[in-house]
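Number of protein chains: 2
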Amino acid sequence: MKDKIYFITGNPNKYLEIKKIIPNLEMKTLELDEIQSDDSKQIIKHKLNEASKYFPNKNILVEDTRIHLDCLNGFPGPFIKWFLKKNSLEKIYEMSYKLENRNIQVKTIIGYRNSNQEDYFFQVEVKGIIVESRGRNNFGFDPIFLPEGYIQTFGEMSKEEKNKISHRGLTIKSLKEFLNKVK
Amino acid sequence: MKDKIYFITGNPNKYLEIKKIIPNLEMKTLELDEIQSDDSKQIIKHKLNEASKYFPNKNILVEDTRIHLDCLNGFPGPFIKWFLKKNSLEKIYEMSYKLENRNIQVKTIIGYRNSNQEDYFFQVEVKGIIVESRGRNNFGFDPIFLPEGYIQTFGEMSKEEKNKISHRGLTIKSLKEFLNKVK
Numbered sequence: 001m002k003d004k005i006y007f008i009t010g011n012p013n014k015y016l017e018i019k020k021i022i023p024n025l026e027m028k029t030l031e032l033d034e035i036q037s038d039d040s041k042q043i044i045k046h047k048l049n050e051a052s053k054y055f056p057n058k059n060i061l062v063e064d065t066r067i068h069l070d071c072l073n074g075f076p077g078p079f080i081k082w083f084l085k086k087n088s089l090e091k092i093y094e095m096s097y098k099l100e101n102r103n104i105q106v107k108t109i110i111g112y113r114n115s116n117q118e119d120y121f122f123q124v125e126v127k128g129i130i131v132e133s134r135g136r137n138n139f140g141f142d143p144i145f146l147p148e149g150y151i152q153t154f155g156e157m158s159k160e161e162k163n164k165i166s167h168r169g170l171t172i173k174s175l176k177e178f179l180n181k182v183k
Numbered sequence: 001m002k003d004k005i006y007f008i009t010g011n012p013n014k015y016l017e018i019k020k021i022i023p024n025l026e027m028k029t030l031e032l033d034e035i036q037s038d039d040s041k042q043i044i045k046h047k048l049n050e051a052s053k054y055f056p057n058k059n060i061l062v063e064d065t066r067i068h069l070d071c072l073n074g075f076p077g078p079f080i081k082w083f084l085k086k087n088s089l090e091k092i093y094e095m096s097y098k099l100e101n102r103n104i105q106v107k108t109i110i111g112y113r114n115s116n117q118e119d120y121f122f123q124v125e126v127k128g129i130i131v132e133s134r135g136r137n138n139f140g141f142d143p144i145f146l147p148e149g150y151i152q153t154f155g156e157m158s159k160e161e162k163n164k165i166s167h168r169g170l171t172i173k174s175l176k177e178f179l180n181k182v183k
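In the order they appear, the protein sequences are chains A and B.
Read in order, the letters of the first sequence are residues 1 to 183 in our numbering.
Read in order, the letters of the second sequence are residues 1 to 183 in our numbering.
Possibly wrong hints are sitting among the right ones.
Stated by the list, open to error - Incomplete in silico selection of chain A near chain B, CB under 10 Å: (1) 75; (2) 76; (3) 77; (4) 78; (5) 86; (6) 100; (7) 147; (8) 151.
Keep in mind the hints are simulated off the structure, nothing from the lab.
The structure displayed is predicted, hence computed values, not measured ones.
Every residue, glycine too, gets a C-beta built ideally from N, C-alpha and C.
Pulled out of the complex, with its shape left as it was, chain A reads as follows (with noise of 0.2 Å):
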């Protein structure tokens, strides 16, 4: 498929991301109202809705990220946004330090809609746990992030390296694989 997708995002940074896997991406920034549920799905939906009020019959796509702490009890899960402006990583390494479990998952679902209004969900999940914060590449909690298997965190990994094990990159390329079906 070739058409254009429009990503509904206020954050550059996913966008970047996602435009090395998805050449015909185009970002539309718009702060979309979120609404408060542990449920991915229906936070998408919603997300879908609402964009689909700004670009009727375009094909859309929007995306969500959240984080689970272990010594947290899975908390912040979506309300990663306003848990990271709240936090540093520093605050966020030390208090899973200090409560003794550094275990966190991460996941992206991506809902996309096409012109004939039809929508599609993506969604994977990555474990890993929570280090002292090393390289400065990429964004958010990347710095603190050290993937399962791995020995560099996502912040000191490449934009590509990052894509080619990340939640949002496996996302993007189930979506991928998807759209090269349907041409």
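With chain A's structure known, arrange chain B on it following the hints.
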């Protein structure tokens, strides 16, 4: 003002508390979509707008309560409902203990829209510290909340005692004084 006021909530405990202060209250059970925001007033306005769709031209009341834990740098804030779903009170106490900061603030904001579509907002914050769970009265985080200057947790107080000094009780009292004036 003796006209009926519709209190829109999914939480009967909150209704019972407020009804003790405002007898002409009627509960309307609706789980309104709540947007993600760290701006209480924005959340409350969105709730009022949602509720108005169901009860146009009525007096409606919506409420939002948030807790700020110093040990999480202010989190969970408005996401308290989800935080309490994931974390037991024991776990929250343990968190604040291990992170060596037991300060907590709790804030209620009330939005009142009268039948002429005029909006009024009231809010009160109460400070306290987190203690080991004590008492089984009231609800939510009450058993671990020790208000500043008191020796009983909200969980050990009667509804009346709690209402006199609590975030929600004091906010509702401001509303009541306002309603008495408008007659």
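- Item | Indices of hints not satisfied (ascending) | Numbers 7, 8, in rising order.
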